[in-house]
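> Sequence:
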Amino acid sequence: MPELSRRSALTAAAVLATSAGTLSAVAPASAAGHHDSPATFDEVYKGRRIQGRPATGHHAHHGAGYAVFVDGVELHVMRNADGSWISVVSHYDPVATPRAAARAAVDELQGAPLLPFTAN
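Residue numbers (the numbering used here): 369 to 488.
Keep in mind that the hints were calculated from the coordinates and are not lab data.
Note that the structure is predicted; figures quoted are calculated from it, not measured.
Treat the hints with caution; some may be incorrect.
[Unchecked claim] Simulated DEER-style distance windows between Cβ atoms:
1. 446 <-> 407: 17 to 25 Å
2. 437 <-> 464: 15 to 23 Å
3. 478 <-> 411: 17 to 25 Å
4. 450 <-> 479: 25 to 33 Å
5. 449 <-> 479: 28 to 36 Å
6. 456 <-> 409: 13 to 21 Å
7. 449 <-> 481: 30 to 38 Å
8. 460 <-> 480: 24 to 32 Å
9. 413 <-> 485: 28 to 36 Å
Where a beta carbon is used, it is the ideal one built from N, C-alpha and C, also for glycine.
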């Protein structure tokens, strides 16, 4: 069996340390991503009423069990693996919270009504 050189030992230690650091940095974000529920909100933003709350009934399978509404019409939201949120209105602009997704949708709508989205 070949002897372990100092260089080989240090290289192996560096690889292990880097791997452990990467895993510990990634694991908490992905683990916490689906187990914590965002806070409920109900506010008027730029003249539009936006609301968010834990989903119930048939809405529970969308958006990680969270429902968002703009003027009483449901805004379909989805939580990404990294914990960010997107909506059907601002699909390519992930945000940190469902409230931010509702505000981004209001900004994108520019006064237009949110039309009901029928998903299959």
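> Compare the structure with each hint and give your call.
Here is how each hint holds up against the structure:
no.	hint	result
1	446 <-> 407: 17 to 25 Å	18 Å, holds
2	437 <-> 464: 15 to 23 Å	19 Å, holds
3	478 <-> 411: 17 to 25 Å	19 Å, holds
4	450 <-> 479: 25 to 33 Å	31 Å, holds
5	449 <-> 479: 28 to 36 Å	33 Å, holds
6	456 <-> 409: 13 to 21 Å	19 Å, holds
7	449 <-> 481: 30 to 38 Å	31 Å, holds
8	460 <-> 480: 24 to 32 Å	19 Å, violated
9	413 <-> 485: 28 to 36 Å	20 Å, violated
Checked against the numbered hints listed earlier, the structure breaks hints 8, 9; every other hint is satisfied.
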